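In order, the protein sequence lines correspond to chains A and B. Counting from 0, one number per residue, gives the positions in the first sequence under numbering that gives the first Met the number 0. Counting from 0, one number per residue, gives the positions in the second sequence under numbering that gives the first Met the number 0.
One or more of the hints may lead you astray.
[Stated by the list, open to error] Quick list of in silico lysine-lysine cross-link-like pairs, DSS-like style, CA-CA up to 27 Å: (1) B:Lys451 with B:Lys474; (2) B:Lys451 with A:Lys105; (3) A:Lys92 with A:Lys103; (4) B:Lys531 with B:Lys474; (5) B:Lys439 with B:Lys451; (6) B:Lys226 with A:Lys105.
Derived by calculation from the structure, the hints in this document are not laboratory data. Bear in mind the structure is a predicted one, so any value in this text is a computation, not a measurement.
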Amino acid sequence: MQRRMNTLMVCLAVCLTGGAVTPCSGDSVSVEPTRESCEAAVEQTRALAAALPADDLSRYFAERDLHQATIEAGNGEFDDCLDMTARATDEIKERRHTLHPGEKLKVLQSNE
Amino acid sequence: MFPSAKTILLTAASVSLALTHTATADDRGGDRPRANPYVAGDMHNHNTCTDGSVSAGYAIDRSVASGVAAGGGTNFDLDWFTLGNHGGAGNRDCRFSDNLANLPGDPTTTWSQTLGQTIDGITITSLKGTPNGTGSGATMWRWQSIKEVEYPIIVNRTPKYNKVLVEGLEWIVPGHEHTDVAVIAGQNPRGHGNADKMAEYEFRFDRADTDAIGLLDGENGQVWPGKDNVNNSGTAGHQKAVSGVTWLQTHYPLQSYAIPTHTERAGVFNPTGSNGYNIEHFRDFNNAGPTVAFGIESPGHMAQGSVSGGSGSYGTGAVGGGTYGLSGVYTAKVGGLWDGLLGEGRNFFIYVSSDWHNRGAGGARDAFTTSDFIPGEYTKLYVPNSEHFRAQSIVDGMRSGNSYSVNADIIGPDLVFRARGRDDDWKTMGETLVVRPGEKITVEMTMTVPAKNNSPYSFNNPLLQQVGIHQPLNKPSLDHVDLITGRIAGVIPPGSPGYAVANAGGVAGASIVYNPTTTISQQIHANNMRSKRLRDGSTQLTFTTTFTAGTTPSYIRARGTNIPVATPNVTDSAGSPLLDVNNALVSCTDPACPTHLAAVNGVKKVTFDVQAYSNVWFYANPIFIRPEGSSKLLVEKNADLARRLAERADNDHDGHGHDHDHDRHDHDRHDHDGPDHDGRDHDRD
Numbered sequence: 000m001q002r003r004m005n006t007l008m009v010c011l012a013v014c015l016t017g018g019a020v021t022p023c024s025g026d027s028v029s030v031e032p033t034r035e036s037c038e039a040a041v042e043q044t045r046a047l048a049a050a051l052p053a054d055d056l057s058r059y060f061a062e063r064d065l066h067q068a069t070i071e072a073g074n075g076e077f078d079d080c081l082d083m084t085a086r087a088t089d090e091i092k093e094r095r096h097t098l099h100p101g102e103k104l105k106v107l108q109s110n111e
Numbered sequence: 000m001f002p003s004a005k006t007i008l009l010t011a012a013s014v015s016l017a018l019t020h021t022a023t024a025d026d027r028g029g030d031r032p033r034a035n036p037y038v039a040g041d042m043h044n045h046n047t048c049t050d051g052s053v054s055a056g057y058a059i060d061r062s063v064a065s066g067v068a069a070g071g072g073t074n075f076d077l078d079w080f081t082l083g084n085h086g087g088a089g090n091r092d093c094r095f096s097d098n099l100a101n102l103p104g105d106p107t108t109t110w111s112q113t114l115g116q117t118i119d120g121i122t123i124t125s126l127k128g129t130p131n132g133t134g135s136g137a138t139m140w141r142w143q144s145i146k147e148v149e150y151p152i153i154v155n156r157t158p159k160y161n162k163v164l165v166e167g168l169e170w171i172v173p174g175h176e177h178t179d180v181a182v183i184a185g186q187n188p189r190g191h192g193n194a195d196k197m198a199e200y201e202f203r204f205d206r207a208d209t210d211a212i213g214l215l216d217g218e219n220g221q222v223w224p225g226k227d228n229v230n231n232s233g234t235a236g237h238q239k240a241v242s243g244v245t246w247l248q249t250h251y252p253l254q255s256y257a258i259p260t261h262t263e264r265a266g267v268f269n270p271t272g273s274n275g276y277n278i279e280h281f282r283d284f285n286n287a288g289p290t291v292a293f294g295i296e297s298p299g300h301m302a303q304g305s306v307s308g309g310s311g312s313y314g315t316g317a318v319g320g321g322t323y324g325l326s327g328v329y330t331a332k333v334g335g336l337w338d339g340l341l342g343e344g345r346n347f348f349i350y351v352s353s354d355w356h357n358r359g360a361g362g363a364r365d366a367f368t369t370s371d372f373i374p375g376e377y378t379k380l381y382v383p384n385s386e387h388f389r390a391q392s393i394v395d396g397m398r399s400g401n402s403y404s405v406n407a408d409i410i411g412p413d414l415v416f417r418a419r420g421r422d423d424d425w426k427t428m429g430e431t432l433v434v435r436p437g438e439k440i441t442v443e444m445t446m447t448v449p450a451k452n453n454s455p456y457s458f459n460n461p462l463l464q465q466v467g468i469h470q471p472l473n474k475p476s477l478d479h480v481d482l483i484t485g486r487i488a489g490v491i492p493p494g495s496p497g498y499a500v501a502n503a504g505g506v507a508g509a510s511i512v513y514n515p516t517t518t519i520s521q522q523i524h525a526n527n528m529r530s531k532r533l534r535d536g537s538t539q540l541t542f543t544t545t546f547t548a549g550t551t552p553s554y555i556r557a558r559g560t561n562i563p564v565a566t567p568n569v570t571d572s573a574g575s576p577l578l579d580v581n582n583a584l585v586s587c588t589d590p591a592c593p594t595h596l597a598a599v600n601g602v603k604k605v606t607f608d609v610q611a612y613s614n615v616w617f618y619a620n621p622i623f624i625r626p627e628g629s630s631k632l633l634v635e636k637n638a639d640l641a642r643r644l645a646e647r648a649d650n651d652h653d654g655h656g657h658d659h660d661h662d663r664h665d666h667d668r669h670d671h672d673g674p675d676h677d678g679r680d681h682d683r684d
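Let's have the full structure, built from the sequences with the hints guiding it.
Have a look at this one:
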């Protein structure tokens, strides 16, 4: 689907520890992504998202990206999986989405 | 960022207003709902057979149906649709959507749950080929889903919509990023037919398809033997990719295409991996497949741009460091890679498609998107209409170069872009005008700016607000058209200096000039065009201008935009698009600015779909020009080659008593009319 920063994400997958994102030290290692590196990155980013309040809009955005990451993994596209995970990580770090008082993101649910 | 020095090869003599007639609009039969000179389609989109969010059938329904979908959501009424899904394998049953789409009663379903069941008239009893994954992770190789799932769905949908539906592929290319491919041979959805040749191509040449078995015959023999399952990356992978293009050229020279897509995204070519393309790789493809590898596609994913970039799914490592006016730098840069190829006189054209996967934070029925648009919603690839428009018409139209690419309906289906010399022999996109040096060349353009597009937003365009223009996002507008000219120096033979050009990832890649003679020769503001308000609220714009023919071959291409020259954070002083991440420096302050926009310090920025509807462009393919008595250009030779191949095919059919309905050309052809691309041809007019 997309390929933005594979090397960075392999780095992030390795460096995500204890629920915190820490920068990699030294040069990034260009490694072909695998199912294992993808799943590890998704799980760790999912934990970061879960630490946010359930109604946090950035958490919602991040979890949508993580869902797509698992789709990419199911399709054997592990580089795209890592890219989507990176996007989710960025959303959690930067908190680009917040709701102003009275504001709501309206998304049609499957029961609507 | 872009060169502003003008190397004049054609002298802009005047920009004048003139009445013109529009292209014939009523010259097709009654089997099509509309009678426009061009028809809109999409050739690159995804469903749950790979990494899309909706079922294969739902994707088709929303793209080609009209009105509102039964469960909600606008349909986009495309005239033609090529299902262009990844190669490789997928674990989801693509007769179902994914939970991500939030569609009622349509949950994520894997092949492991449905084997043996008949669903939508299709029964899958086993996952064929080399076993790949277990349980819910068990995958179906794409050759099987092309042949046994997607194509049967196309057969089912075709009579329902009376649209042209084609089974294609987004080829995951050995040694490279991706390429849109279609092999239409055998496909005849109205009479059923099959997509076996499309499936065979995917099996043989897709680097993500590592199945070693493929289709078996009744005696368990391999139907497609001899697959190279080794050389899938780097330089060896590129050679396999060239072999794939050669295979298309050899077997289906008029019934296939191979169009590299989002070509800047994965950075530069990596001789030991699978990344992007450099100019020499496109040259290799065009040399190997002169009638099948005739262009590149701009990125889709038009609504992915956030405050750190990402539109087109391009990150900072992409060649160019991101998109420019929602296009890649290879096509957006004046004098860039595309101009380098046109500067050889190659038949190399550009196309656009949606690359539809999902709507990001939205479900499939929501009006907003933070990722992709549904085919027909935002991007439209226009190819010529014809009386009996069919799959072959799509391929023929694309190959001819007589096509144009439109975002956000900035113009409609009736573009006239043509040029003539002193006689009335008009030439349009993809064609070559032969003139005497010094002769006056008249260029005419007519286009219709529709009354509305598919934007759900009626607040004013925040990028235009900066310069005092108040234009609702759901009402298309045209600021100006650029006529871009470049000199043609001739074909560079493989191995010669300049054939391979050092490339660079990131913004450094935007500095590479491939054709220094390219320039914006004329910029025609919409205020200087003749304007006619039409009854449906749309506006027809027309201009005529002239150039003076030079002594060397050249080309004229066109692009248009809603963005004025030197709009802060959007265009430079020449009017070329800046890196799109700059758009996000502009705030969206209207009370109606939607909740999903990315914010900085709580202030919403021009991102996602609002960015896409704010920064709008169209691109028209070039008209070539050469002096009388000069050698034919490669674009002419390859068009001649296509004509010879078509004549031979027709003669073969006549000899065998077949009719002329190309929809029924479902057998192999082995033409041996080879390419002629050494640039030394002395075929003169």
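Here is how each hint holds up against the structure:
1. B:Lys451 with B:Lys474: 5 Å, holds
2. B:Lys451 with A:Lys105: This hinted pair holds, its Cα atoms lying about 24 Å apart.
3. A:Lys92 with A:Lys103: 21 Å, holds
4. B:Lys531 with B:Lys474: 16 Å, holds
5. B:Lys439 with B:Lys451: 37 Å, violated
6. B:Lys226 with A:Lys105: 50 Å, violated
The earlier numbered hints that this structure contradicts are 5, 6.
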